[in-house]
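Those sequence lines, one after another, are chains A and B. For the first sequence, our numbering assigns the number 77 to the initial residue and increments by one for each residue that follows. For the second sequence, our numbering assigns the number 130 to the initial residue and increments by one for each residue that follows.
Just so you know, not all the hints are guaranteed correct.
Stretch-level coverage of chain A by chain B, calculated; a stretch enters the list once three of its residues show a Cβ under 8 Å from a Cβ in chain B [said to hold, decoys possible]:
{"no.": "1", "segment": "101-113"}
{"no.": "2", "segment": "232-239"}
Short derived list, chain A residues pointing at chain B, Cβ under 7 Å [to be verified]:
{"no.": "3", "residue": "THR81"}
{"no.": "4", "residue": "HIS82"}
{"no.": "5", "residue": "MET83"}
{"no.": "6", "residue": "LEU84"}
{"no.": "7", "residue": "GLY87"}
{"no.": "8", "residue": "ALA122"}
{"no.": "9", "residue": "ARG123"}
{"no.": "10", "residue": "PHE264"}
{"no.": "11", "residue": "ARG265"}
{"no.": "12", "residue": "ASP289"}
{"no.": "13", "residue": "THR345"}
{"no.": "14", "residue": "ARG347"}
{"no.": "15", "residue": "ILE349"}
{"no.": "16", "residue": "HIS351"}
The set of hints was computed from the structure by calculation and includes no laboratory data. Just so you know, even glycine gets a beta-carbon here, dropped at the ideal spot from N, CA and C.
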Amino acid sequence: MQTATHMLRTGRRGGMFQLQMALRDLRNSFGRIGLAWSLAWHDIGARYRGSILGPFWITLSMGLMVLGIGFVYANLFHIDVNTFLPYVALGIVFFGVMTGTINEGCDTFVQAAGMLSQTSLPMFTFVWRTVFRNMINLGHHLVIVVGVLAFYGYWRTANIPLALVGVVLMILNASWASLLAGIASARFRDIPQIVISVMQFAIFFTPVFWPTDRFSSHRAVLDFNPFYHLLQAVRGPLLSQPVGAHTYVVLVSMALIGWTVTFAIFARTRRRIVHYL
Amino acid sequence: MTVSITCTDLTLRFPVYGVDAKSLKKALARVVAVGGALGRHAGVTDVTALQGVNLQLQAGDRLGLIGHNGSGKTTLLRALSGAYEPDEGTIDVHGRIAALLDLGLGIDPTATGLENIRLRGRIAGLTSKEVEDKMEEITTFTGLGPFLAMPVKTYSAGMQARLAFAAATAVEADVLLMDEWIAVGDAEFQKLAHKRLLKLVERAGILVLATHEAPLLRLYCNKVMRLDGGVASEVVDIRKLDELLARDAPAVAQIA
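Kindly produce the complete structure, drawing on both the sequences and the hints.
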């Protein structure tokens, strides 16, 4: 049993105290990280309950999309399928996980309303639930990633460590955005629509489907697009393309600033979130 | 470890967000209209749900909460569960808390009864293995047999109550917080539930039960407290229930 045996709640206020409480929430969520994991698996199970392939529907539908877009766009852009299909496959898979984490973040607290209003479970448990659910999705997509890389001869085991660094940076950034979306969505009903629209816009403005050399005259679209850097940090290493040092600078500073700001907002709103719902 | 609940000058205010307050457009419009000086409480109503509540309970206490709708009974239970934080004063609870305030807690209507028991157990802090160890006891107690393999959305309210009650009380809790839905379920289930509740209290636990029904209070509680508009009366012995209820009369007469 890990259930807390002592609960003390006070009416103390003040920035320092709120920050302390927010940190305690975070710490407690790590103490019960297994619960977030169970909830995430429960969500995946619920989504595909009674279906033949179960969660592997995720893999199949993603695989079909990759094939479709890969072949059609390769012809449209007159690019060699052998180089373009792996590029698009990685783009769709990793961008999808990123948008999934952020879009589903809008539901994090709204979905947990019942539990938040009668238990002292940490708020962060539900943030990790959303993040883990998308990690599980990514796990299912890895079949495609590995398959495509191997089939088109891009697989280099030496590339994996750097790609993992990219994945970690992507998760770090997507999770603060997810938490921020969760808090804002609990408070304002318009936020989920806004988030979805922004992410939809981003998928076309980011080189997910199109090769970057087509846009060489408009470097700004790439350099000032955080999603480009997020994607490049994972896709670049896997395709044996060099990743610029500035990409890592952007991603690390984005993670630091994003988490600092979001955590400050969380500390301020934490005790009110349950009333928003 | 001694089980106890202590509330000192507990005051709880919370903002109630109307439809207007949930709209980003209206919030932005206000900023523009007021020239950036967004009124802090624009569109938000502040409600004082509990005011200066003092409460002291020890092992073996079974407290009944009475009061009209909206008098703060459920808010007090939620505060004791740790979900609501006080604006003033403190809440200090020693012991493992189990709250049965809402049948829907952690219940996924599309999942089966068994899956929901597992989920509920995990939420209550059990490991997967501990949940499996308790599975048989819980399933027997629900008396739902083959229905447990069916989605909860196909259950009647009484069946859902059985499931939720069985799952929630299977976890060894020291403090049980219950809203009045315990009255749901048939006579047979009520008898089972009663036995289980008494056992829990015998294990030196605390029960806090909010209800309107005097018979239910007499059945479960040995102490009673009345809430009126968030203000609590003193805690009195259950034998003085009629006296406490009678205090109602003048207040009601005034409104009428």
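Now for the hints, and whether the structure bears them out:
1. 101-113: With 3 residues in contact (Cβ-Cβ under 8 Å with chain B), the coverage given for the segment 101-113 of chain A holds.
2. 232-239: violated (count 0)
3. THR81: This hint holds: THR81/A lies near chain B, its Cβ roughly 6 Å from the closest one there, short of 7 Å.
4. HIS82: Cβ of HIS82/A sits 5 Å from chain B, so the hint holds.
5. MET83: holds, 4 Å
6. LEU84: holds, 5 Å
7. GLY87: holds, 4 Å
8. ALA122: Hint on ALA122/A: holds, closest Cβ of chain B at ~6 Å, below 7 Å.
9. ARG123: This hint is violated: ARG123/A lies away from chain B, its Cβ roughly 9 Å from the closest one there, beyond 7 Å.
10. PHE264: Where the cut-off is 7 Å and the nearest Cβ of chain B is about 4 Å from PHE264/A, the hint holds.
11. ARG265: OK, holds: ARG265/A within 7 Å of chain B, min 5 Å.
12. ASP289: violated, 40 Å
13. THR345: At about 12 Å, which exceeds the 7 Å cut-off, the nearest Cβ of chain B leaves the hint on THR345/A violated.
14. ARG347: holds, 4 Å
15. ILE349: violated, 11 Å
16. HIS351: At 5 Å from the nearest chain B Cβ, HIS351/A passes the 7 Å test, so the hint holds.
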